[in-house]
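These protein sequence lines are chains A and B, in that order. Oh and the first sequence: position 49 is 49 in the UniProt record's numbering, straight run, nothing missing. Oh and the second sequence: position 100 is 100 in the UniProt record's numbering, straight run, nothing missing.
I should point out that these hints are in silico values taken from the structure, not numbers from a laboratory. Any given hint could be a false lead.
Simulated crosslink set (DSS-like; lysine-lysine; CA at most 27 Å straight-line) [what the hints assert, rightly or not]:
no., chain 1, residue 1, chain 2, residue 2
1, A, LYS47, B, LYS129
2, B, LYS139, A, LYS150
3, A, LYS330, A, LYS285
4, A, LYS328, A, LYS256
5, B, LYS62, A, LYS47
6, B, LYS110, A, LYS150
7, A, LYS305, A, LYS285
8, A, LYS200, A, LYS151
9, A, LYS143, B, LYS62
10, B, LYS129, A, LYS200
11, B, LYS89, B, LYS129
12, B, LYS108, B, LYS129
13, B, LYS139, B, LYS108
14, A, LYS143, A, LYS47
15, A, LYS151, B, LYS139
16, A, LYS200, A, LYS150
17, A, LYS245, B, LYS89
18, A, LYS151, B, LYS62
19, A, LYS150, B, LYS108
20, A, LYS200, B, LYS89
21, B, LYS81, B, LYS62
22, B, LYS139, B, LYS110
23, B, LYS63, A, LYS151
Partial chain B-side listing against chain A, Cβ under 10 Å, derived [said to hold, decoys possible]:
no., residue
24, LEU61
25, MET101
26, ALA121
If you're wondering where the values come from, they're calculated on a predicted model, not measured in any experiment. Here a beta-carbon is modelled for each residue, glycine too, at the ideal position from N, C-alpha and C.
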Amino acid sequence: MMRFSTLLKHPADWMTGADSDSAVVLTSRIRLARNVSDTPFPGWARKQERIEILSDLRAAIEELPEMKAAFSHQLSELSSVQKQVLVERHLISREQAARSEGSAAVVNRTQTLSVMINEEDHLRLQSIRSGLHLQEAYELITKVDEQLEKKLTYAFDQELGYLTACPTNVGTGLRASAMLHLPGLVISDHIGQVIQAVGKLGLAVRGIFGEGTESLGHLFQISNQSTLGESEQDIISRLERVIRKVRDHERNARLKLVEDDPQMIADKIARAYGLLRYAYVIDSKEALTHLSLVRLGADMGCFPKETLQLCDSLLMDIEPAHLQHHAKRKLSPEERDTLRAEIIRSRLQSLPTPVISFINHTNPEDTPPA
Amino acid sequence: MTDPSGFLLGDMDPNKLSAKAASAAEASDVGKLSLGGPMGAAGRQLGTGTCPGCGFAFDDLKKTGRLGCSQCYQFFREEIKHNLGGMHKDTCHVGRVPAGMMEAFQNKQKIDQLQQEMNGAIANEDYEKAAALRDQLQKLSDENAASSEQ
């Protein structure tokens, strides 16, 4: 069985931006909610019932060829920092991390597939891919689902489809989502319109970090709301269509910013670079904001292309539990801010100063002779 | 990423439900409705009772936003369906069906169809046809029993 340290040492491809086109759409995710019939849902089951159903389900999951030599642990076997690290890596949910005995997480070796047992539902199957690849993620998860339905008696109703603990997931039990980096729309102040338009289509837009309407790091998640009355394919194609549109809007917003106010964009990117390279104390909010701008700069050609991956790894590694796991002890917020700055400085050490080519290109005559 | 938080279930209030159902009944001018409010299919007053599978009461859904077990959907079907329209595109599943259940569903449809044909044959006094249909039915239900024991 895979150990926690091994899991941590080898982040999944999708965590570090493997896809050639993950500049705007970082990741695609499909989640299926499944339950076993005539057994209380985890939230209503007694502890003993939960433990019993867990052992059946865990055996069925571990038997899957996709889960060969997987990471498989009861939540009670993990420390609170370890659980939090899994949350920060999107491998388990916050709700699952709060659970202990009678709940388990199983993650395949490449971390493209994770199964939460006894979260809100008996099973939450999840598949994540780099870039905009909802279809691929759906194919993998369906392959697993088809094997499981032969072994388990799913709670299913002809009229209401897959039955879930919460009626908001009933039907397909499917939640499809993508994580998008939208600094262009935020800086040009068009993000509100986009969020409104997407909302009108029955899809939800949420910030990944931060609370309420404020989204740190310009990162957003778009997902379907409705799970009943629409086929899986319809849900996925509708979402994919909307995501492509938002991606195009973001691309246009970036082009427009460079055209309208190249100095402002250059200033933002270069300042972010300077700040991250020389800060000794940096909190989460400041780090996310500036990493987002360096990431934007990488997409605009100011930094080498691989800087995108560098930013994506950093976004994950500077989160609180990752920092504490790195330090091998609990850290106060002040200690975290210092360690965060240290890690960022060392990772960006060899990053060259930004090349702001778009200013020279727009107005070549204005450039003073060398 | 954590799951989108979903919908507020605060308005899944059985009292409101009954009121809505009652006003709908009035609007449709049923007229006969009087004591005890609207009834469920099993003669149960909506929003009352506990699920025979797990003892879950409909009030618990208001508190937790979640149901107790898969049988709750059977028992509280009308209350749940009443609220699904606002949350979802439609109220009837059109997506994937688990492999075994698809067969079971088709089998059931087939049995219903054969049953009807047999009744028709009996009504027409075509006993030869009815006997053949009866044999087919017998075979199908044997197969069903065998596969459900697996």
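Cross-check of the supplied hints:
no.: 1; hint: A/LYS47 / B/LYS129; result: violated (56 Å)
no.: 2; hint: B/LYS139 / A/LYS150; result: holds (23 Å)
no.: 3; hint: A/LYS330 / A/LYS285; result: holds (20 Å)
no.: 4; hint: A/LYS328 / A/LYS256; result: violated (46 Å)
no.: 5; hint: B/LYS62 / A/LYS47; result: holds (22 Å)
no.: 6; hint: B/LYS110 / A/LYS150; result: holds (22 Å)
no.: 7; hint: A/LYS305 / A/LYS285; result: holds (24 Å)
no.: 8; hint: A/LYS200 / A/LYS151; result: violated (40 Å)
no.: 9; hint: A/LYS143 / B/LYS62; result: violated (36 Å)
no.: 10; hint: B/LYS129 / A/LYS200; result: violated (57 Å)
no.: 11; hint: B/LYS89 / B/LYS129; result: violated (45 Å)
no.: 12; hint: B/LYS108 / B/LYS129; result: holds (21 Å)
no.: 13; hint: B/LYS139 / B/LYS108; result: holds (13 Å)
no.: 14; hint: A/LYS143 / A/LYS47; result: violated (31 Å)
no.: 15; hint: A/LYS151 / B/LYS139; result: holds (25 Å)
no.: 16; hint: A/LYS200 / A/LYS150; result: violated (39 Å)
no.: 17; hint: A/LYS245 / B/LYS89; result: holds (22 Å)
no.: 18; hint: A/LYS151 / B/LYS62; result: violated (33 Å)
no.: 19; hint: A/LYS150 / B/LYS108; result: holds (19 Å)
no.: 20; hint: A/LYS200 / B/LYS89; result: holds (13 Å)
no.: 21; hint: B/LYS81 / B/LYS62; result: holds (15 Å)
no.: 22; hint: B/LYS139 / B/LYS110; result: holds (12 Å)
no.: 23; hint: B/LYS63 / A/LYS151; result: violated (34 Å)
no.: 24; hint: LEU61; result: holds (8 Å)
no.: 25; hint: MET101; result: holds (5 Å)
no.: 26; hint: ALA121; result: violated (28 Å)
When the structure is compared with the earlier hints, violations turn up for hints 1, 4, 8, 9, 10, 11, 14, 16, 18, 23 and 26 and for no others.
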